[in-house]
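Spelled out from the first residue to the last, the chains are:
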Amino acid sequence: MGSETESARRLLTGWGRTAPSAAEVIRPATTEALVSALSRRPARGVIARGLGRSYGDVAQNGGGTVLDMTGLDAIHAFDPDQGTITVAAGCSLAALLDRVVAAGWFLPVTPGTRFVTVGGAIACDVHGKNHHRDGSFGEHVTALTLLTASGDMLDLTPEGTPDEFWATVGGLGLTGIVISATIQLLRVDSSAIRVDTERTADLAETFAKLRASDDTYRYSVAWLDCAAAGRLGRGIAIQGDHATRDEVDSVPPVPGLKPRISSPRWLSLAPILRSPAISILNEVHFRRARTAAGQIEAIEPFFYPLDAVGDWNRMYGRGGFLQYQFVVPLDREDVVHTALELLHRERIRSTLAVLKRFGPGSRAPLSFPMLGWTLALDIALPAPRAARVLAAIDEHVAESGGRVYLAKDSRLRQELVDVMNPRLPEWNTVRRRLDPDGVFQQDLARRLGLTGASP
Amino acid sequence: MNDAFGLPSRIVVLGGGSEIGQAIVAAIVAEKPADVVLAGRTPVTLPDVPAARSLERIEFDATATESHGAFFDSLFAAGDVDLVVLAFGVVGEQAVAEQDPAAAVEIAMTNYVGAVSSLTHVSTRLAAQGHGTIVVLSSVAGQKARRSNSVYGSSKAGLDAFTEGLQLASLGTGVGVIHVRPGFVKTKMTANLKAAPFATTAEAVATAVVAELGKGNRTVWVPAILRPVMWLIRAMPPRVLRSL
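Chains as they are written, first to last, in the UniProt record's numbering: chain C, 1 to 455; chain H, 1 to 244.
Check each hint, because a few of them may be wrong.
Unchecked claim - Below 20 Å or equal to it, Euclidean Cα-Cα: the simulated SDA-like pairs (lysine to any residue) are: (1) H:K188 with H:E93; (2) H:K215 with C:R10; (3) H:K215 with C:R385; (4) C:K209 with C:L267; (5) H:K215 with C:L267; (6) H:K215 with C:Q295; (7) H:K215 with C:P384; (8) H:K215 with H:L171.
No lab work stands behind these hints: they were computed from the structure.
Since we're looking at a predicted model, the values are computed, not measured.
Hey, can you work out the whole structure from these sequences and the hints?
If you want it as structure tokens, here you go:
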């Protein structure tokens, strides 16, 4: 990590390691350097990038400029009494946790990895296992500073500037660059989680389990075994709450700033996460899980099991992988069922499948979560037929009034974007006001025609 | 933009009249609809592409290299190009080309010079946009000279070497080059020729190309058996080869 502003043409991909594109990558060491890089207004535009954990091409800008924000990672202010923290956008959730957990605070919302930046968490309006209760990340941001295309620094709040604030939350980095943000943290008695685990026999039972007990837990999610023939959608419901102090014998460890194990480069030449290994791993995972109540788990195993291994995406080999996540209304469980059946019939094995019930969505027009069921699937590539099968699932999702998670997308058909995102025009109106010349560009927006420009 | 499967949003076929080029486009848009541009000498004769999201037929002459700059400028000004299929080519008549320098030059001008000009224009523009795929249809005829088609083969040999170089040059630029070496492909262009062993179809070539999308630089022989076959043929002493 140098303190100098660096610049080089580099090939970038998302976490899924697909669809690379080359861009001028600038890592500003100061806000001044950031403003100066933006003021150059390169022909193919600018996009901010955090730690590169988005699966698809949201933080890529082929032929243009990508601003690596990880050099601007300061923690500006932390109020241990009120539980508010103000950080620079390049600050990682890992660094934030490291600062606040000891003082009895926790992230109000955390995705499945702590190696994301606060700026990225806002731009993608990420969610976690507590969405049904606490909503998405953006709903806990009380203020943010946005650097706009014209070089202005705007202080945005949900009450004072609702249009600009909510267009930026979930706005995929296309309204401007988040410079800093203030987050209202969650007061916890202990960072450890008291976890109840229960096996389910099939998809109907998994739905029933989540429906019946979600509301009694802060965190609730179900892992699905997609490899088990005949018992489609059997899984493990994993539900928990922050443990009280007397439930915890010793102070649970706060996860570190780096993964504990690293993946060597050669791993991508010997892909592990492919069939038939997937079936075996799923079977082992299912059998290992015993129905158990009240187990105490630390932060990392509960929230970030994959974070223990650095660069675990290499295990998918050179073809990479994609994550497909959609949400459908609560009364459309049938779409989840259809999706699993279509994948199973075409022998497309998902390495990891997670089902969750979302609570109501936020006010952000492009935010992904909405009241309903969400299914997330990791699929190893290359996967013959997967393009067509996922497109067929998309049709069902769109017809039901649901949508695909744009911040993770790497393959959606442009034709469905408007149907799935009825508030896209409203978002574009605000975006055009903030960026009339279209300075902010990215591969995702080009691929899906998000900003209304040509392909 | 290409997606995670390497499927493009906008495709340009140079040599839109080529059956192989058309088969490749048809196979791609069957996976995912895309905007298609067919470029050829006489646009009105170019076919329809049923599953395309939009279709443009425009005039392009591979041998008119001085017009290429303006042609590619306007093509890229209309938006990013994700995939370019270099499909034009002429077989010519070996017997005529052996006697008539003008006929021999025409083959070389189209298959080699026209391709070199087009590929240079295309690769620099794709590198500038930071992403894209180029599909080049060379030929096994370029691997070893045969009496029956050596003039054509020589032009494809030049294109083959040029394409290998393009693959090396494109590393790290976000551009992937799919180098296709088909054997004898049964099309209307080859209808009056005697089919060579291991003859294949335009559809088979298209299937092979789609399978390589999104994987960066690739070299694919169609059918795949031609790789070892050509390796053997190239290793044969001229004495044996002459009698083939």
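Status of each hint after checking the structure:
1. Taken as a hint, the K188 (chain H) and E93 (chain H) pair is honoured in the structure, with Cα atoms around 15 Å apart against an allowance of 20 Å.
2. About 18 Å separates the Cα atoms of K215 (chain H) and R10 (chain C), which keeps this hinted pair within 20 Å; it holds.
3. A threshold of 20 Å between alpha carbons decides the hint, and for K215 (chain H) with R385 (chain C) the separation of about 16 Å falls inside it, so the pair holds.
4. For a cut-off of 20 Å, the pair hint linking K209 (chain C) to L267 (chain C) is broken: about 38 Å separates their Cα positions.
5. Between K215 (chain H) and L267 (chain C) the alpha-carbon distance is near 17 Å, which keeps this suggested pair within the 20 Å criterion.
6. Annotation: proposed proximity of K215 (chain H) to Q295 (chain C) is violated, straight-line Cα distance about 45 Å (limit 20 Å).
7. The hinted pair formed by K215 (chain H) and P384 (chain C) meets the criterion: a straight-line CA distance of about 13 Å does not exceed 20 Å.
8. Proximity of K215 (chain H) to L171 (chain H) is assessed by CA-CA distance (about 12 Å); at most 20 Å being required, the pair is judged to hold.
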